[in-house]
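S.K.: Listed below, chain by chain, are the residues.
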Amino acid sequence: MLLTIIYIIAITAEAMTGALSAGRRSMDWFGVILIAFVTALGGGSVRDVLLGHYPLSWVKHPEYLVITTFAALFTIVIATWMKHLRKIFLLLDALGLIAFTIIGCQVAIDTGHGFVVASVAGILTGVCGGILRDILCNDVPLVFRRELYASISFVAVVFYWLCSTYANLALETTVLLTLIFGFTLRVIAIYFGLEMPKFIYKDDDESSASSKDEH
Amino acid sequence: MLLTIIYIIAITAEAMTGALSAGRRSMDWFGVILIAFVTALGGGSVRDVLLGHYPLSWVKHPEYLVITTFAALFTIVIATWMKHLRKIFLLLDALGLIAFTIIGCQVAIDTGHGFVVASVAGILTGVCGGILRDILCNDVPLVFRRELYASISFVAVVFYWLCSTYANLALETTVLLTLIFGFTLRVIAIYFGLEMPKFIYKDDDESSASSKDEH
Amino acid sequence: MLLTIIYIIAITAEAMTGALSAGRRSMDWFGVILIAFVTALGGGSVRDVLLGHYPLSWVKHPEYLVITTFAALFTIVIATWMKHLRKIFLLLDALGLIAFTIIGCQVAIDTGHGFVVASVAGILTGVCGGILRDILCNDVPLVFRRELYASISFVAVVFYWLCSTYANLALETTVLLTLIFGFTLRVIAIYFGLEMPKFIYKDDDESSASSKDEH
Numbered sequence: 001m002l003l004t005i006i007y008i009i010a011i012t013a014e015a016m017t018g019a020l021s022a023g024r025r026s027m028d029w030f031g032v033i034l035i036a037f038v039t040a041l042g043g044g045s046v047r048d049v050l051l052g053h054y055p056l057s058w059v060k061h062p063e064y065l066v067i068t069t070f071a072a073l074f075t076i077v078i079a080t081w082m083k084h085l086r087k088i089f090l091l092l093d094a095l096g097l098i099a100f101t102i103i104g105c106q107v108a109i110d111t112g113h114g115f116v117v118a119s120v121a122g123i124l125t126g127v128c129g130g131i132l133r134d135i136l137c138n139d140v141p142l143v144f145r146r147e148l149y150a151s152i153s154f155v156a157v158v159f160y161w162l163c164s165t166y167a168n169l170a171l172e173t174t175v176l177l178t179l180i181f182g183f184t185l186r187v188i189a190i191y192f193g194l195e196m197p198k199f200i201y202k203d204d205d206e207s208s209a210s211s212k213d214e215h
Numbered sequence: 001m002l003l004t005i006i007y008i009i010a011i012t013a014e015a016m017t018g019a020l021s022a023g024r025r026s027m028d029w030f031g032v033i034l035i036a037f038v039t040a041l042g043g044g045s046v047r048d049v050l051l052g053h054y055p056l057s058w059v060k061h062p063e064y065l066v067i068t069t070f071a072a073l074f075t076i077v078i079a080t081w082m083k084h085l086r087k088i089f090l091l092l093d094a095l096g097l098i099a100f101t102i103i104g105c106q107v108a109i110d111t112g113h114g115f116v117v118a119s120v121a122g123i124l125t126g127v128c129g130g131i132l133r134d135i136l137c138n139d140v141p142l143v144f145r146r147e148l149y150a151s152i153s154f155v156a157v158v159f160y161w162l163c164s165t166y167a168n169l170a171l172e173t174t175v176l177l178t179l180i181f182g183f184t185l186r187v188i189a190i191y192f193g194l195e196m197p198k199f200i201y202k203d204d205d206e207s208s209a210s211s212k213d214e215h
Numbered sequence: 001m002l003l004t005i006i007y008i009i010a011i012t013a014e015a016m017t018g019a020l021s022a023g024r025r026s027m028d029w030f031g032v033i034l035i036a037f038v039t040a041l042g043g044g045s046v047r048d049v050l051l052g053h054y055p056l057s058w059v060k061h062p063e064y065l066v067i068t069t070f071a072a073l074f075t076i077v078i079a080t081w082m083k084h085l086r087k088i089f090l091l092l093d094a095l096g097l098i099a100f101t102i103i104g105c106q107v108a109i110d111t112g113h114g115f116v117v118a119s120v121a122g123i124l125t126g127v128c129g130g131i132l133r134d135i136l137c138n139d140v141p142l143v144f145r146r147e148l149y150a151s152i153s154f155v156a157v158v159f160y161w162l163c164s165t166y167a168n169l170a171l172e173t174t175v176l177l178t179l180i181f182g183f184t185l186r187v188i189a190i191y192f193g194l195e196m197p198k199f200i201y202k203d204d205d206e207s208s209a210s211s212k213d214e215h
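Protein chains in written order, with the UniProt record's numbering: chain S, 1 to 215; chain G, 1 to 215; chain U, 1 to 215.
Excised from the complex, chain S in its bound form (with noise of 0.2 Å):
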């Protein structure tokens, strides 16, 4: 219950960024709200798809579309404000990645699956989305090239996952407790701009290039 109040303010949350990058490519209405369900939805529907669980959640509750609809035409009403509540924003979105990895996670133990499945299926949810919106707007995913984003994802699982196979907790404190728990890692993270360690590959060489880019 819980879940799914976070999950509707999370897919709202991130719908308006989804249209704000469709914006930034001046896109027209249909590719706005288009961009705004891919980034809202999408990443679920990619963790659906490849588990093989049908049906995708915005087929079952198609009242899914209609909200990132209004939250795509919402932004561009109150795109000259957005830049105000970019910080609201970012909170939101924190909350977005720690409820749509816990939902991900849930998915795959109802499945029958386990820890490795499970945490491929919870940062898919957390972080597809982006990446596809991403795609679209022809950008390289700016997921990994930032701070810590999917790997606050991965340690969430981890969290859960420790919560409800050994602490035997109830579902809604550990669902809660995760929430709380990788939301304030994220705070942390944007506060400090912690980031992973990067790997910078270069080879100049042309034979090399050719070589090895080719599969």
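Hints are computed from structural coordinates only; laboratory data are not their basis. One thing to keep in mind: the hints can contain errors.
One copy or any two copies: either way a pair holds, since identical chains are not told apart in the list.
[Said to hold, decoys possible] Using 25 Å as the maximum straight-line C-alpha spacing, the simulated SDA-like pairs for lysine to any residue come out as follows: (1) Lys60 with Val107; (2) Lys202 with Thr173; (3) Lys83 with Thr173; (4) Lys198 with Asp134; (5) Lys202 with Gly112; (6) Lys83 with Phe159; (7) Lys60 with Ile8; (8) Lys83 with Ser26; (9) Lys202 with Ala79; (10) Lys202 with Phe89; (11) Lys87 with Ile188; (12) Lys60 with Phe70; (13) Lys198 with Asn138; (14) Lys202 with Ile88; (15) Lys202 with Asp139; (16) Lys60 with Thr165; (17) Lys198 with Trp29; (18) Lys60 with Leu3; (19) Lys198 with Asp139; (20) Lys198 with Ser26; (21) Lys87 with Tyr191; (22) Lys202 with Thr69; (23) Lys198 with Leu162; (24) Lys60 with Gln106; (25) Lys198 with Leu132; (26) Lys87 with Leu2; (27) Lys83 with Val107.
What you are looking at is a predicted structure, and each value in this text was computed from that prediction instead of being measured.
We have chain S already, so just place chains G and U on it with the hints.
M.R.: Same frame as chain S, now just chains G and U:
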């Protein structure tokens, strides 16, 4: 039956536009064949995967793959004449857009979905092929930056839905009416250069970009 | 059995080439792990999703995810030596291409499909990982712009199909023969720099671009 004939014309036309896009990127023949396949059959495949509607059309009818392959090779042969066929292609493509939309919409109806999911299925079938083509050719998808296109797909869905739900018409009549209606709209949109309003959003503020881009 | 060993070598090699691509884009460690995973297991996942062949291989065998993760981290550690291992990688990748192709083809045959679908399944398994990697790294997929690659996958499918349908050979013999045949072809293609003919299409005419690009 009528719809099948139009569908085959449509996938041929779409495959040829895909082949031209691949040619603009100087791809080799295999790339041309793949992009043609994805442009023609990608929209329906995305819809079927999202709805869990198996087998996909080209798995059930492998002859569609043969058609798109020949269309791609034929495009390579007649490329120098393609410029003069531009207007015919625009019309075939308009026909294809409406045919794809109707088919996508009907698949959703047949599998028991309501208006919201049917309209998403219709629009995805109509526009996803072109979006996948543009992603593979590393462009920002053009669907949402030119004259009315996805929105005509949506209007066709509404028209089709109203006809089939409220007007008590036979399926063939509904299909034919929607084809004529949507095709006319698209031709009008091209002729007058009608466009959706665009959402243009700029935030040059660096910290803002950093905060909003990363999920 | 032989195929399983070669498959594991292949996903390791592919994961490492994916990790190098991510490194060229200066991604963080999580991005490197994700791109490695997508490069190694994306082709098979696309095939299984399109054929409705669940569960996906990495869902059934989560240890594959562990392998690609370690391959990615290992690549970060030995990156400075990678330049000297270039030729070994090319050979491992050639082996992987043929192994992926055979596996994809066999999955399609096992699920009752004919030659056309089997060849698409084989080629997709062989080349889609690299295509997804290039999309995530925001490149035009290189598969279709370098030496013979996808076409060798296709020739291997034809060879495999002929052996298993007409030659009455045991499965192991067919696999081994196809591996040797395809691997040799690929090595010849690399050595002599053989390429498919390219389709180069230019239309500088603005209205033409506008008319053909938008669906």
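S.K.: With reference to the structure, classify each hint as holding or not holding.
M.R.: How the hints compare with the structure:
Proximity of Lys60 to Val107 under the C-alpha cut-off of 25 Å is found in both arrangements, the shortest distances being 15 Å within a copy and 16 Å between copies. Taking the shortest Cα distances, Lys202 and Thr173 never come within 25 Å of each other, neither inside one copy (47 Å) nor across copies (42 Å). Proximity of Lys83 to Thr173 under the C-alpha cut-off of 25 Å is found in neither arrangement, the shortest distances being 35 Å within a copy and 51 Å between copies. When the C-alpha separation of Lys198 and Asp134 is checked against a cutoff of 25 Å, the pair qualifies both within a copy, at 20 Å, and between copies, at 19 Å.
Neither within a single protomer nor between protomers do Lys202 and Gly112 lie at most 25 Å apart by alpha-carbon distance, with minima of 42 Å and 45 Å respectively. Proximity of Lys83 and Phe159 under a CA criterion of 25 Å is satisfied in neither setting, with 34 Å inside one chain copy and 39 Å between copies. In this assembly of identical chains, the alpha carbons of Lys60 and Ile8 lie at most 25 Å apart only when taken from the same copy (15 Å versus 32 Å across copies). For the homomeric pair Lys83 and Ser26, the shortest alpha-carbon distance inside one copy (17 Å) is at most 25 Å, but the shortest distance between copies (29 Å) is not.
Proximity of Lys202 to Ala79 under the C-alpha cut-off of 25 Å is restricted to the inter-copy arrangement: shortest distance 9 Å between copies versus 40 Å within a copy. In this homomeric assembly, Lys202 and Phe89 come within 25 Å of each other (Cα to Cα) only across copies, at 17 Å, whereas the closest approach inside a single copy is 36 Å. With identical chains, the CA atoms of Lys87 and Ile188 are at most 25 Å apart within one copy only, with a shortest distance of 14 Å there and 45 Å across copies. For the identical chains of this complex, Lys60 and Phe70 are intra-copy neighbours only, at 19 Å inside a copy versus 38 Å across copies, given an alpha-carbon limit of 25 Å.
For the identical chains of this complex, Lys198 and Asn138 are neighbours both inside a copy (22 Å) and across copies (18 Å), given an alpha-carbon limit of 25 Å. In this homomeric assembly, Lys202 and Ile88 come within 25 Å of each other (Cα to Cα) only across copies, at 19 Å, whereas the closest approach inside a single copy is 38 Å. Proximity of Lys202 to Asp139 under the C-alpha cut-off of 25 Å is found in both arrangements, the shortest distances being 20 Å within a copy and 16 Å between copies. Only between protomers do Lys60 and Thr165 lie at most 25 Å apart by alpha-carbon distance; the minimum there is 21 Å, versus 29 Å within a single protomer.
Proximity of Lys198 to Trp29 under the C-alpha cut-off of 25 Å is restricted to the inter-copy arrangement: shortest distance 6 Å between copies versus 36 Å within a copy. Proximity of Lys60 and Leu3 under a CA criterion of 25 Å is satisfied intra-copy only: 17 Å inside one chain copy versus 29 Å between copies. For the homomeric pair Lys198 and Asp139, the shortest alpha-carbon distances inside one copy (18 Å) and between copies (20 Å) are both at most 25 Å. For the homomeric pair Lys198 and Ser26, the shortest alpha-carbon distance between copies (6 Å) is at most 25 Å, but the shortest distance inside one copy (31 Å) is not.
For a Cα distance limit of 25 Å, the shortest separation of Lys87 from Tyr191 inside one copy, 11 Å, qualifies, whereas the shortest one across copies, 45 Å, does not. With identical chains, the CA atoms of Lys202 and Thr69 are at most 25 Å apart between copies only, with a shortest distance of 21 Å across copies and 42 Å within one. Taking the shortest Cα distances, Lys198 and Leu162 never come within 25 Å of each other, neither inside one copy (28 Å) nor across copies (48 Å). Taking identical chains as interchangeable, the C-alpha atoms of Lys60 and Gln106 lie at most 25 Å apart whether they share a chain (17 Å) or sit on different chains (18 Å).
Both within a single protomer and between protomers do Lys198 and Leu132 lie at most 25 Å apart by alpha-carbon distance, with minima of 22 Å and 21 Å respectively. Taking identical chains as interchangeable, the C-alpha atoms of Lys87 and Leu2 lie at most 25 Å apart only when both belong to the same chain, with a minimum of 23 Å there against 55 Å between chains. For the homomeric pair Lys83 and Val107, neither the shortest alpha-carbon distance inside one copy (35 Å) nor that between copies (42 Å) is at most 25 Å.
Consistency with the previously given hints fails for numbers 2, 3, 5, 6, 23, 27, ordered from lowest to highest.
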